[in-house]
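Residue numbers (UniProt numbering), protein chains in the order written: chain A, 1 to 356; chain B, 1 to 258.
Hints in this document: simulated from the structure, not taken from any laboratory.
Keep in mind the model is a prediction, meaning the values are calculated, not measured.
Cβ coordinates follow ideal geometry from the N, Cα and C atoms, glycine included.
A few of these clues could be false.
What the hints assert, rightly or not - In silico DMTMM-like pairs for lysine to aspartate or glutamate, Cα to Cα no more than 25 Å straight-line: (1) A:K256 with B:D180; (2) B:K65 with A:E241; (3) B:K139 with B:D180; (4) B:K195 with A:E241.
As the list claims (entries may be wrong) - Derived contacts from chain A toward chain B, CB cut-off under 8 Å, selection only: (5) L234; (6) E238; (7) L239; (8) A242; (9) R252; (10) G345.
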Amino acid sequence: MSHVIQDRPVRSATPATLTRGGLPRWAPAGIAALSAALGCGIGLAADLHSKVQWGLLAAILFVLITYTASSVVENRRQAKDRVATSMVWVCFVLAVVPLLSLIWTTVSRGLKVLDAYFLTHSMKGVVGFQPGGGVYHALLGTIEQVLLATLIAAPIGLLTAVYLVEYGRGSLAKAVTFFVDVMTGIPSIVAGLFILTTWNLMLGFGPSGFAGSMALAILMMPVVVRSTEEMLKLVPNELREASLALGVPKWRTILKVVLPTAIGGIATGVMLAVARITGETAPIMLLVFGSQLINNNPFEGAQSSLPLYIWEQYKVGSADSYDRAWAAALVLIAFVMILNLVARGIARWKAPKTGR
Amino acid sequence: MAKRIDVSGLSAFYGNHKAIDDISMTIEPRSVTAFIGPSGCGKSTFLRTLNRMHEVTPGGRVEGKVLLDDENLYGANVDPVAVRRTVGMVFQRPNPFPTMSIFDNVAAGLRLNGTVKKSELGDVVERSLKGANLWNEVKDRLNKPGSGLSGGQQQRLCIARAIAVEPQVLLMDEPCSALDPISTLAIEDLIGELKERFTIVIVTHNMQQAARVSDRTAFFNLAAVGQPGKLIEIDETERIFSNPSVQATEDYISGRFG
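Extracted from the complex, chain B is given alone in its bound form (with noise of 0.2 Å):
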């Protein structure tokens, strides 16, 4: 199920404007890796480069290599659409489709790949919902709109909505970022569970939230405004927050920074 990313000099542009510079690293299968850093420090620009979706920007270009176990995503001829298939994505607010009810919503990427057969559609479904430990606060009301559910419940119906196309790999760009404790505490708990089946990348600014749920940290940081991001270091994340091998990572971590 989980593939390993291995990423090795990746830069990624907007127009001229190098956002990150020259990134390597490699992310292990079903494990959370969490990346940390400043605001603009290119943490999501990275996260994006991952399923090939930096170049829906208008002027994104990426330059360098991310394999997936051994496959190339900047490859020759790679289909940034299977790319897509493979690599799911969670967005930092919630975006559930608003002409669709909640089961249209999980089966949307199913339906709209044309993948599915319709009477297995529903197993889907409530495979994913219970996955994404949304079916019981749902199952009574999926033909209702998505957009009817609470920020929390929308967020994890997105979760749902992304492992319902069975990705390798699943991205989290800030997904807890517009959500209330407790409905973040649920989203940790899914993650957790998660990791057992796919390979999950997160970005957070929140670093208790990046110590409860990754198993390796990678901290971001720019040398100043307008300079592109880099990585500083990637390591276990009790290391990063215990004992981190760089000064810098310590100043953000302990609040020093600046």
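Bound conformation, chain A alone (with noise of 0.2 Å):
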């Protein structure tokens, strides 16, 4: 009885030899090359109408020649992390494709009306079918905008953040971080009606831009407290140490050591809701009620904005209205863009340094 246990051969783990056989360097992209033609080949045999279908039919090709092949040649493990790498690859390419397909339509469609013209001047007098034109309003408005509601927003956000990562403990700061959440949520549409019953209706004020940047802030604010909370947790414990070791009282610590080391991740939050702001239209539309002409002043009277100059001139539906639309999106994503690499810029200029 006791000795059936040692009868037992021992499969060893260890394998007979160290060597194996590999597919070559280049198989991936050959696999990936082969998989495209084999793509757009069975999709014109099949005559499918739709470039989607032969995508993804020379999507699924590829993971599955890569795992055939891989498994041929090589082991069931090597297979398998090839094909994980291949889906990769392939979300990657699912991800990418559409934001080039937007760019790409927005400057090809864009650029043709796009010029100095354009960005100097208002639709003063410009009937909304015919040429002519510009955007300049809109793209003010846009600016003093979303620069009022940064105003608003960023310090009660900051305020807050810190707030709760270096004072808040409890249940205030439980429901506060629950209400943030909530906040998250609330669509544009409703923040846009909120200010639409207090500043409007019930204070009497008229539609101004300063109006739509209210509702604009209750937008940015709880973006703005994630990303500044989740920066501020990452600033090690230790340098708060070190400072109030040194005798550095609280509020100096968090001014000066906290918030400057954690200063690039926060501006990047920052400019990130204001990315996210920027392209709003309903509250716009509800609060600042968009204007043809040129209004310098945030604080009186109905002003324009990108997103909505961009649907006004959709909805004329002319040829010439269409382009302006394109004109202005492209501004849009422009003026977007320029933000981010401006807050780029100042998270790599800020960041702890680590040269000799």
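If you follow the hints, you should be able to join the two separate chains into one complex; please do so.
See below:
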């Protein structure tokens, strides 16, 4: 009885040899080209109309061929590894294609009327379905509204995050976190309606850029709080302790040590929030009302903004207004992208230095 | 300059957990006192109660008295910020401020407290870096970031930063545990020089280090995991390492622990 176990042969985990068959270095690229060609071929042969179907076919073929080739030439573990890698590539391409297509469409259609005249003139005296006119009033409106919204939301959001990370304990902090989460989910139209009822209907103010900024600030605040909170949590506790142990008061520690260490991430977070609200249309429509004329004063009278301008122009429905809408969309994308680049610049410039 | 520390009946808590129990000891001015003992016995916690850093930890709470000369650190109207200016601290891992240059790191304590004129700042920084034996290595790159230095240099930078505010007492929490033997030697030499000016308390896991640098040694132990740490004995370092009065100390020092 007791000797039975010993009789069983033990399978060793050590392989007999350390070498194995391998696909050449160019195999993934080759398989990708092959499956793309096959995808197009099958698409043509089966007379599939949509190019999306061709692409999906190619993607599926890519994964399948990779697995087959690898399990024939190499072993199963290697095949699984290659399948995982090829899936990641497929997902990457699936994610990037819409982005590139969007940028391509906007740039190719937007460049038609985009010039210095377009950027420096308003729609004053231009009939909607005729050529001419420009985007200056909308660009100005967007800049002013977004700036005001940032001036309101960034300090409040920053201070809230500092409270939550550095001071907040117990039920108040939990409640604040909960309501910030709730605020993240507020639809922009609801924020617009809230300001409309309080500021415009109850207090009796007319439409203005500032009213729009307040609605945008409501949308921006939770994003700033969340991102700043995460950045502050990343600051090592040792730095706070080092500063406190030098006899630096807590508020100075936060101001001079914690915030400077996290400033790069905070700037990026604020800029992402700015990018989010720059494209908002609904609250602008309700509160800023839209205008064809230049209005420098965000505190009085209707203004325009880029998203609203795009919507208006597209609604007119003539070829010239379509051109203006696409050009304005390009301006909007460029505006957000420049803001992002600025934020990255700040982040790099302010980031903790590691050089010798 | 240096002050005497007189601890009586000190217990420290994390929430409801008692970390150290009823510790009393006297730490002489201008001397080096080493704390040794197994991990989790409360050496670092006790050290942090000496400059009120323990209460920075959420749930941290202290009972008992710590007299600095004749002033109770835990008295009614004592400002913890003032305590920390008097009792400086060096941590286990070097932690220079990453956004600041070498110069700014050393000047940080003074600048953030606003206690020194700009014109004097350069002198104080030079004196502190010389005091930490780092001046010759960094004098040509004071404007470079402190995080570019080696680990041992960073730790000496942190010591320079701590002594720049001219504290009375310097607490060191395993200052050499992240360093190589040569950097450790540099710091140990430095401790020997610093004790002329400061009262130094050092926590260490390295018993040879305790024997080399300290005048007096305190041995901490805990009865079991989860139990509070206790002070077993404190005596002249020579006696602790040659002829301790408690058996547990001898067991720990000779490696027959547990």
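These are the hints, each one checked on the structure:
1. A:K256 with B:D180: 32 Å, violated
2. B:K65 with A:E241: 23 Å, holds
3. B:K139 with B:D180: 23 Å, holds
4. B:K195 with A:E241: 24 Å, holds
5. L234: Result: violated, 12 Å to nearest chain B Cβ.
6. E238: Holds - the Cβ of A:E238 comes within 8 Å of chain B, reaching about 4 Å at its closest.
7. L239: OK, holds: A:L239 within 8 Å of chain B, min 6 Å.
8. A242: Status holds, d = 5 Å.
9. R252: 5 Å, holds
10. G345: 17 Å, violated
Hint check: violations occur at hints 1, 5 and 10; the rest are consistent with the structure.
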